[in-house]
Each structure stands twice: as C-alpha cells, then as structure tokens.
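Participant: Single-letter residue listing:
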Amino acid sequence: MKLNKLILSFISAIAILLSTSVVSFSKVVGDKIVLGAAISLTGKYSSNGVHTQNGYNLAVERINKMGGVKVGGKTYKFDIIYYDDESNPKRAAQLAERLISQDGVEFMLGPYSSGLTKAIAPVTEKYGVPMVEANGASRSLFTKGYKYLFAVLAPANLYLDVAIDLAVEKNNGKPVTVAMAFEQDAFSQDVRLGVLDAIKRTGSKKVIDDKLPKELNDMAATLVKVKQMKPDVLVVSGHTKGALTAIRQIAEMKVDVPMLAMTHCDAAKLSKQHGKNSQYALCASQWHKSLTYKDKFFGSGKKYAKDFEKKFKYDPPYQSAESSAALLVFKDAFERANSFDKKKVRDALAATNMQTFYGNIKFAPGGQNVDKPMVLFQVMCDGSGKCENKVVAPTKWASAKLIHPIPKWSER
Amino acid sequence: MNKNILLYTAILIFGLAAPFVFPAFKVQLSILCVLIVLAITWNIQGGEMGYNTFGNILFYGLGMYLCASVQVGMFFPLAEWTESGGEKTFVHTPAQFFQGMAAGLVVAAVVPTIVAGLIGYAILGLRGHYFAICTLGLGVAAGEISGGIEIIGAGQGFTTPPFPNVGGLEARGEFFYFLSFGALILTFLAVRSIYSTRFKLILNAIRDNEDKAEAMGIETMKYKIIGWMVSAFFCGLAGGIMGGLVGYIDSTDVAFDGREMGVFMVLMAILGGKGTLWGPVIGATVFHIFKEGFWTFFLGWQYVALGILIVVIVIYFPEGIMGWLREKYPERFGETIDEADRKAQVELK
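Protein chains in written order, with the working numbering: chain P, 1 to 412; chain C, 1 to 349.
Derived from the structure by calculation, the hints contain no laboratory data. C-beta: ideal position from N, C-alpha, C; glycine also. Do not take every clue at face value.
Label-pair ranges, simulated between beta-carbon atoms [what the hints assert, rightly or not]: (1) P:D210 <-> C:F20: 48 to 56 Å; (2) P:K147 <-> C:G148: 31 to 39 Å; (3) C:A122 <-> P:D210: 36 to 44 Å; (4) P:S384 <-> C:V312: 50 to 58 Å; (5) P:D218 <-> C:E331: 56 to 64 Å; (6) C:V312 <-> P:S300: 48 to 56 Å; (7) C:T93 <-> P:M66: 46 to 54 Å; (8) C:E260 <-> P:N338: 57 to 65 Å; (9) P:K70 <-> C:L6: 57 to 65 Å; (10) C:A305 <-> P:K272: 32 to 40 Å.
So that you can see chain C by itself, here it is in the shape it has in the complex (with noise of 0.2 Å):
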C-alpha cells in the first residue's frame, strides 16, 4: 500500500509541476490528458464488458458542441455567435468565460450519459459485430447530422469563445491543463473505485460469457447500460475541454471525428493492454509519444509510420504492452506460480 501512495504522488507531482517545468509542452500535456480519458473510458466497454464500441465519440464529440453552446447561450445569441456573416463582435468578460466554461462542462458531461442511457436501451442488445458496426453508424451519423444544425454553426464550424485576456500569455495553456488533467484524475479515480467494486466483475461475466451471467441471475443489461453511462459522462467532460482547448469546432473534423479519435482511443486501449486499469493509460501515454515522433521526424510518412506501429501492436502485443509485461513477469503483477505444477503441464503436452 505504501508504494501505491509513493506511486501516486509521483504522479501527481508530475502532472502538477509539467506545465512550469515544460512549459513548451503544455498543449501536448493536455491532449495527452484527454487520450488517456477517452481510452479509460473505451476501457469499460471495449476491455473489461467485451463490447468494441465506435461509439464513444458520439459522447465526445456532443459534449463539446454542448461546451461551447453553452458558454456561448448563457450570455450571447447563439444564433447569432455561430452566423457565418454576422456583423456582430462578442466578447466574454473573464467572469463570464469562466461561468460559461463551468456550466458548459456540466451539461457537457450530464447530457451525454442521458442519451448513452437512452441509446444504451435501445441497441445494447446487440452483440459482438453487430454492435461495433450500429455503434459506428452513430458516429458517423451524428458528424453528418451536426453538420446541419444552423444553430450550431454548421458546416461553418463553431468558434469557441477566446479565452479571455486574464494572467499572462500562459494563462490558457496553464487553464486547459489543469482542467483537463483534474478530469483526467477524476476520471482514474472513479474509473478506479468503480473496478473495486463487484460491478467490475458482472462486467467481465458479460465479456466471458453472457448468457452465463445472464443465467446466473445478473441483469447484464441494467449494467451494460450502466457501464455505457459510466463512459460517455466523462467522454462527454473530455470532450467539451477539447473544445475550448481547440478553439474551434467542426463537425466532422473535431468533434465527431470517429476517423482519428474514435479509432484512436481504441488503439490506444490496446496498445497498452485492454482490460486492465493501467493499461489504457500507458497506451495513451505511448501511443501520443509515437504519434508526435512520428509528426516531427517522418513528416509525410506519419501515417505510415503510425500504421506500421499498428501493425507491429498487433502483431507482437496482442495483448498489449501490460499483457506483454505480465506474460513476461507474472510475479510483479502479484500472480503467483506453482512452478512443479507448470512443469507438470508443460510435460503433458
């Protein structure tokens, strides 16, 4: 118990003293921060119930449309923030920026759980590929449909409001990393609480064998649900951070953008060991390491560098990097093994 505090609070130092010891990296840090988020949460689905979601982005990317609309609704005429000719110039006063942001974060991440329980009713009776093909409609169809709401900009995108002119020129990166890393430690924690619990347990029942859970008298439905709820609250908090950090929203591009965050947050999840708690944190950790490498030193090839890093995931880590280290070192994972008794199997064969 003594180290998991040691390794927590080196954490938290980390993540407290990088944006003044890099401050170069502040905007990397906070991305970094809602990858790992967004693959926490695939996580739930994805790892521990055993249902490859392509839908999270639906939740991110509504929570960031619901961010800014609220930032914006609570002081100005959306309609009029978002028409593409308006004449008019609006600006937040500092206390207003902040209010916005506040609400907006709220609403940004109750909305999107709601409708992951109503969606959630309705489809979460699908399994395997036929889940993961409906929830990859969900996506796409919500990019499609956002991109005609007037009221939201449409395909003229919506600018978030400009952080205001308080503090110095760090002010934003420093504000946008603290927020999004406060969501991400929320995010661990409850995430974490949550897997501590028998909840966690029903939820790998279902992965492994769904009637059986059913049979032994779990209602999976009621927890696949809640699981679902579960995730798209805090993808739906990441999401409107997103948002105000990207300063401008689009439907397709940045918010529903199931081409690279929805598929990245799967890959990550993998990469780093789906199933376990650690495991999408370091995938998300790895994974944006590479990807920034590969945009600096191989640029025009990043994606095929990123590709061949799929390729090599899969291959060689099937399991991911957490799955790889407890194959190779099970007993630092608290597994113990009886060596005669494997020996013994291994004889067998």
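Only chain P is shown next, with the shape it has when bound in the complex (with noise of 0.2 Å):
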C-alpha cells in the first residue's frame, strides 16, 4: 500500500506546481497595453495565421512609433501576447480563457479563420472582454446576439456573389451556368451561401456543388465534371490551399471555363507562384493596395504595401491590411473612451466611425463592418509573364477592365 504515498505525493506535487505557477498581470503594465491574440502558427492555415501577426506587428510597430495611445493624459505603447492555437478551434478556446484568466488579458485581437473566430467569441463574450477581430467573416458570428465582438471586414457571403453579377452582366442579363466547389469549413460555407443567393437573385443555375475536403490538395474530381458540364462560371473557395490546387490542376488539366472566381489568391500569393497560370483568375478581396482610403499611420494602401513589403519582403495581402486596421481601430477606441474600462472601450468600439488605409470603419450592432465594400481583383500577366492582381469591380475602384471571357488554354 506503499503505492498510495506515491500518488498522493505526486498530487501535492501538482498542487505546487500549479499555486507556483500562477503568473496574472493586469492588462495595462507600466505604459503598455496588453492584447491578447491567439494565432494560427502551425496547421492548417499556417500561412494566413503569419500574415495575421504581420499585420498585427507592423500596426503595433507603427503606432508605437508615432506616439502610442493617448489616455488620461498619458501615453501608452502597445504589447501583443501571442499563443499558437494550431489552427484548432478547441486549442484556440482555450488559449482565449488563458489568455483572459491566467495572463489577466482584458483586450483580444482576433484568430485567423472564421471558425477560430466562432470558438473564441464565446470566451470573450463571457468575460465582457472586447475583441476586435479581422479575419472572421462568417455571418453567423454576427447574428449571435455577441456584444464583445467587432469585425473590421465585410461577411463572408459578400465576397463572390458580385462575381455571380458580372457574369449575368457579361451573358447580357442572361441566367448563367454556375460550378461551385467549396471546402468544408465555417467561412467557405458561407460564401457558398452568397453565391447560392445570387444564383437565386439572377436566376441562374448550379450545375455542380461539390464539397473540398479540409486538407485540401486535390480537386481532380471537380474539375472532370466541369470539363463535362462547361459551366459559365466557376466558383471555388478554400483558404489559400485551395487557391493554390484550383490553379495547379485547372493549369495541369486544361480546364477551359469562361470566369474562374475565387476566394485568397493574394494570401495565397497566386501570380507568385504559379505565374501565368494563375491569369484571368477573379478573386474576392477585402482590400487592395490601389484603393484610395488614408489615414495618418500608414498613408495610403500603396504606401502601406511599400512599408509592409520592406518588413516582410512580401506583398501584403489583405489578410495582413485587415489585420494592421484593426489595431487602429482599437487605438482609436481607447483614445475616445479615455479609459481602460472594458464596458467603455467596448461602447467606443461600438460607435466606431473612422477612415483607414484599409478602409472606412463602422460596426453594425451585430459588429460586422457595413461602410467597406468588397472588390474583385483579377491577375493580368504582360508579355514578360509578370503578373499583377488589378481591381476590375466595382467600377468605382476599377484599375483595369474585366477580361471575359478567360481565353481557352489552346489559344493561350
């Protein structure tokens, strides 16, 4: 029974440990405010969860630099605790309480992906702590009645259903053939549902509705049928992975359809890597670099994109611009409720009214974004085969015209 000493030993041991580690700060230390984010570093959406904490860093680094937060008369720099929540939804929950009740953090940046956003909304919701996010879209994270919750981006189901439009328009008003492959997760479903929307509005018609599995790599299958059925349009939307296998093997397979709209191509870094197979590609953005919205921090988008690229050695996508805004936002926030008040900052947040290099901001009661539309980029490669994305919709922001339609790979 000597056995018994052992594991009871070994329960105190624990007991220490844990009494030992409790390591609570408050969320403002000395002169800096504390936020919180938990970021997808490993797994699945690795690469966007990096350009989430670019943009996030390069925002801190630039604040910090002009003069930091202003509140009660007195200058704060901002400080950003980063865990890896693995691209795992149960992980990122967890990082949320951890982040809230064993670092005493009282303000969080968003995840990336919408699904993380909809795992850690609840944690922040619970605690009453302000979370202004970038890279949620999903819409069903703004009719859950959150309070807590700011998204500087438009939902999800906006992003490719003006894609669906331009086809209508381009077939003069005609309904139009649609193809749509969508992975399975939180902010792909969504955007499927704008596009369904759309094909309803227009009366146009799906032919293919196929599901992409989440470690996405192959979309052979899809693209066979498209080949049979030749759709007007083709839909596909899968993070960056699937921006990637849609190009590889609609290249590799010589799949001809008159619009290919997509989801990620600069995360993904399209025209980068797969060069001119990448051309005539439609992709949904939240922000592009040639748009003309300013503001103090970073100028201009191209400015922004300039400084960024000099960091990072790489365009910014608008993943990473969507990220810097929302530290902006936040700034903003805490220099008008002149406190660190979470109800307060939260009320500020609220009646955010404000112009970013990103974009205008203002939140609905939901907390989506409502005063920034989205654009339609399109990559055009010249004759050397460098490829550039310019926007070609809505007409407004139009860089470049709409190529339509993408000429077939035997005329390329």
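Reconstruct the complex from the two isolated chains, following the hints.
Facilitator: Set out below in structure tokens:
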C-alpha cells in the first residue's frame, strides 16, 4: 500500500506546481497596453496566421513609433501576447480562456479564420472582453447577439456574389450556369451561401455543387465534371490551399471555363507562385493596395504595401491589411473612451466611425463592418510574364477592365 | 484499507477545492478530467483487453454532437439554430440551459453505448492490426459524414448554447469543472468496481490468449462488446461535456478529432502504464502538464517537444510510469519476491 504514498506525493506536487505558476498580470503594465491573440502559427491556416500576425506587428510598431495611445493624459504603447492555436478551434477556445483568466488580458485581437473566431467569441463574450477581429467573416458570427465582438471586415457571403452578377452582366443579363466547389469550413460555406443567394436572385442555375475536404490538395474530380458540364462560371473557395490547388490543377488539366472566381488569391501569392497559369483568375478581396483610402499612420494603401514589403519581403495580402486596421480601431477606441474600462472601451468601439488606409470602419449592431465594400481583382500578366492583381470591380475602384471570357488554353 | 480511504479523500478534497484555490486553471483542470476519462476508457480496450482501438473518438464525437443537439433541439428548431445565415437569435434561459444539458448528457452517454454495441457486434471479430485499422477508419469516416449533415451545421460547425447569465463571471468555468470532475469520479468508480469482478479477468484472458479463453468456455465476443459499450458510455459523456466547454463543435477538429484526442488517449494510457487502474490517470495528468508546459515555453516547437516526449516514453518507459515503478519497487505494489528463488533463477541463466 505504499503505492498510495507515491500517488499522494504526486498530487501534492501538482498542487505546488499549479500554485507557483500563476503569473497573472494586468492588461495595462506600466506604459503598456497588453492585447492578447491566439494565432495559427502551425496547422492548416499557418500561412494566413502569419499574414495576420505580420499585420498586427506592423501596426503595433507603427503606432508605438508615432506616439502610442493617449489615455488620461498618459501615453501608452501596445504590446501583444501571442499563442499558437494550431488552427484548431478547441485549442483556440482554451487559449482565449488562458489569455483572459491567467494572463489577465482584457482586450483581444482576433485569430485567423471564421471557425476559430467562432470558438473564441463565446469566451470573450462571457468575460466581457472586447475583441476586434480581422479575419472571421462568417455571417453566423454576427447573428449570435455578441456584444463584444467587432469585425473590421465585410461578412463572407458578400465575397463572391458580385462575381455571379458580373457574369450575368457579361452574358447580356441572361442567367448563367455555375459550378461551385467549396471547402467544408465555416468561411467557405458562408461564401457558398452568398453565391447561392446570387444564383437565386439572377435566376441562374448551379450545375455542380461540390464540397472539398479540409486538408485540401486535390480537386481533380470536380474539374473533370467542369470539363464535361462546361459551366459559365467556376467558383472555388478553400482558403490558401484551395486557391493554389485550383490553379495548379486547372492548368494541369487544361480546364477551359469563361470565368474563374476564387478567394484568397493574394494570400496564396498566386501570381508569384503560379505566374501565367493564374492569369485571368478573378478574386474576391477585402482590400487592395490601389484603393484610395487614407489615414495618418500608414498613409495610403500603396504606402502600406511598400512598408509591409520592406519589412516582410512580400506583397501584403488583405489579411495583413485588415489585421493592421484592427489595431488602428483599438487605438481610436481607447482614446475616445479615455479609459481602460472594458465596458467603456466596448461602447467606444461600437461608436467607431473612421477611415483607415484599409477602408471605412463602422460597426453594425451585430459587430460586422458595414461601411466597406468588397472588391474583385483579376490576375493579369504582361508579355514578359510578370503578373499583377488589378481591381476590376466595383467600377468606382476599377484600375483595369475585366477580361472576359477567359481565353481557351489552346489559344494561350 | 485505511490508507486507501485517506488517498481517495485527499483526491476528493483536491478536486473539490481546486477551482477555488487555482481559479485561473479551471479550464485546464476540466480538460484534464476529460482527458483522464478518455485514457481510463481507452485502457479498457487497449490495456486490459489487448485490443488497440482508435475508434473511441467516434463515441466522444457522437456524444458531443448529441448533447449539443438535444440541448438546442429541446427548445428551439435545430435547423434554424445551425443555419449560418439565420437572422434569428435564440437565447436559452438558465432553466432551459441546464435542463437541456442534463438531458443532452444522458443521450450523449446512452446513444454511443448502443452504437458501440452494434458496431462492436460487426467488427470485434477482427483481431490485432485489422481491428486497429478498422477502428481508425471509423473515426475518419464519422468526421467526414458529420461534416456533410446540414442540420448539425455541416462544415459551418455548431455553436453550442452560450452559458446563461447566472452567477458571477466564474460560474461557467465552475459549472463545467464540476461536471467534468463528476464524470471523472463516476468513470473511475465504475471502472474500478468492474475491475474488481471476474469481468476484468476475462478481459485479461482475452488479451493473453483469446483462443484459449474461448476454449475455456468464455463467450469472448459478448465480453468484448460489453467492454466496448462501457467505454462508449463514458466517452460519450466526456464528449458531451467537452462540447459545452469548448462552445463550438467542428466536425473534424473538435468532435471527431482523431488526430489529436484520438491519439492522445492512446498516448496517455501508454505513458501511465496500460493495463493498470491508476496508469491512465497518472499518464493523462503528466501528459497534460507536459503539453501545457510545451505550449507555453516552446511556442512554435511544441509538437517537436511533444514528439521527443513520445520517443522518450516508448524507449525508456515502454511499460509506462506504473510499469516502471512496479519494476523498481515491486514490494510497493504488494508483490513479494522470493529473493532466494530470484537469485537461483539469475544464476541458472
């Protein structure tokens, strides 16, 4: 029965361990405002997780350098505690809990992807911790009555419905046939709902409606069907991997389709990775550097892109831009609230009405940004094979004309 | 016996006091309880019966979805709850929330038990690797299938009802902690009492030599199925609790999470020492502490650290912590060694 002693001492060891490792510190330490964020540094969203983190970091650096945040006559600097959520909702929820109850964080930045935001929102809501998120676009996030969730981006159902409208317009207002392939995750499925709405509205017809697995690296089965059915539009959404897989296999299989609409082209660095193969792809984007919004921290979109490229050696995808914008929103709210009271900051956030380099930001009661339209850009290449993303819709922002239909592979 | 009572009282006091003494660790402790339940139940197959199953995650995920569905479905139309574009907001009253949770947990435990009986009848005839591979398929298939069922949210995921506005800020954490701690005690006592009967001996007989056990007149199939049903009952319960705790169910990442939970439950049982009552408990605790430590101190390298831990376990503690202790201090496990006999054997070699 000496075994009991062993187990007893084991339990007391755990008790001691737990009691010594409580390292609670408050949200404002000295002159620092500590924000918390769970980011996907590993797992299926790792590339976009890094885009998000880079966006946050760039903004923190810039705001701190340009005088920080002024609250109650004192100047504070931003600081962020990061954890890796491994692209796993369960982990993300756990980390949110940990950031709030163990690390004492009282203000949160969002993770990457709708699914993870969905997992974190109930936690922040319960503790009344304001969260400004930049990468959870799923519509269902904004219908749960959350009071402490603010998203700087437009909801997911608005991503690609414009593409269907555009196709109908190019078809002289007549309905089109649509092939769809969407990853089985919260974001892509919401994009799908938006497309379905557009199909219904325009009287178009869906001919293929495929679901793609989460660990996405093959969609040949869908493309074979596309070859057979010859739809007018092919719509694909599956985060970065979805965009890369689609372009790779469409080129390999020489699939001809008049319009190819996707998401995450810029995050996947399509024009760089696949060069001419990615040409003519139409992409939904929350932001593009050629848009003419302005603020005093980053100047214009073009300026932001330049600074970003200088620091991180690649063109900023919209995921980075919107993440940077989240910090601008926080700074603005802190200064207007002139307090670190969670409730007051929350009310200040709700009253946000500002312009950033990324776009106008104004939150609806559900928390989504209602003041910023989506844009569509098309990958266009010049003779030397250098490809660029050019905005083609809406017309207000367009810097190039839509090329439609996409030339057949045999004619390229 | 007296010492046993002392031990159990100590654990009980620790368990009851923990959320108040270490309020910041409530969620981690709740998850620890769930992990221990999973390790204990896996041990019934993997440790006592010698059937390495990767399929227990099926019952865990099933329990999770069932509990949440019942909790919502009892009061609101489930389809409208999970519909992503749904503009309606449903809010559970506290009474609805707790009634729903209670009913949900009952369903979450019972249905997987029945499912385990049915599936067990079909596949428990397989042995060794074939059984392991077959059960591996079960978990993967369940994840894919549930990801296509619209009424439970499909790829969108399922947001479980938010905790109602009762008690203070800490109410949610305390509720789920005591729920999972209760489930742990229930599981431990149930499994302990089962292990004190002939049932355990039969499971061991199946592990050591199934043909011989059969030849001795034991209906091995019956006991294998019952064993699996016991596991499924508690796995389902644990899943139901975990669903509420996480607050968001995703088909492959949270519910049928064979890649993480499914593997962890095996690892924990092996780390602690399979085929023992306390092994999985200790294994899960050590594993959880290491894991949380790695995630804090080796950010970005956590999986590498975890991988090294697994390698170390397999090389240096193939019998697990309990097995290692038993080898080192056999007398503490109530085993007596006839020193003269041992020496004689050593000399013979």
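Participant: Can the suggested window of 57 to 65 Å be confirmed for the beta-carbon pair E260 of chain C and N338 of chain P?
Facilitator: 44 Å, violated
Participant: Do the beta carbons of K147 of chain P and G148 of chain C sit within 31 to 39 Å of each other?
Facilitator: Holds: the Cβ-Cβ distance is about 33 Å, inside 31 to 39 Å.
Participant: Could one say that the CB atoms of D218 of chain P and E331 of chain C fall in the range 56 to 64 Å?
Facilitator: This hint holds: roughly 59 Å between Cβ atoms.
Participant: The hint says 46 to 54 Å between T93 of chain C and M66 of chain P; measuring C-beta to C-beta, is that right?
Facilitator: 49 Å, holds
Participant: Using the Cβ atoms, figure out if V312 of chain C sits within 48 to 56 Å of S300 of chain P.
Facilitator: Holds, since V312 of chain C and S300 of chain P (Cβ atoms, about 54 Å apart) stay within the stated range.
Participant: Taking 57 to 65 Å as the hint, is the beta-carbon distance of K70 of chain P and L6 of chain C inside that range?
Facilitator: Roughly 60 Å apart at Cβ, these two residues keep to the hinted range, so it holds.
Participant: Is 50 to 58 Å a correct range for the gap between the Cβ atoms of S384 of chain P and V312 of chain C?
Facilitator: Given a distance of about 55 Å, which is inside 50 to 58 Å, the answer is holds.
Participant: Measuring from beta carbon to beta carbon, are D210 of chain P and F20 of chain C in 48 to 56 Å?
Facilitator: The hint (48 to 56 Å, Cβ to Cβ) holds, given that D210 of chain P and F20 of chain C are roughly 52 Å apart.
Participant: Between A122 of chain C and D210 of chain P, is the Cβ distance one that fits in 36 to 44 Å?
Facilitator: Given range 36 to 44 Å: violated, Cβ gap about 31 Å.
Participant: Given the hint of 32 to 40 Å, is the C-beta distance from A305 of chain C to K272 of chain P inside that range or not?
Facilitator: 34 Å, holds
The structure is inconsistent with the numbered hints 3 and 8, although it conforms to all the rest.
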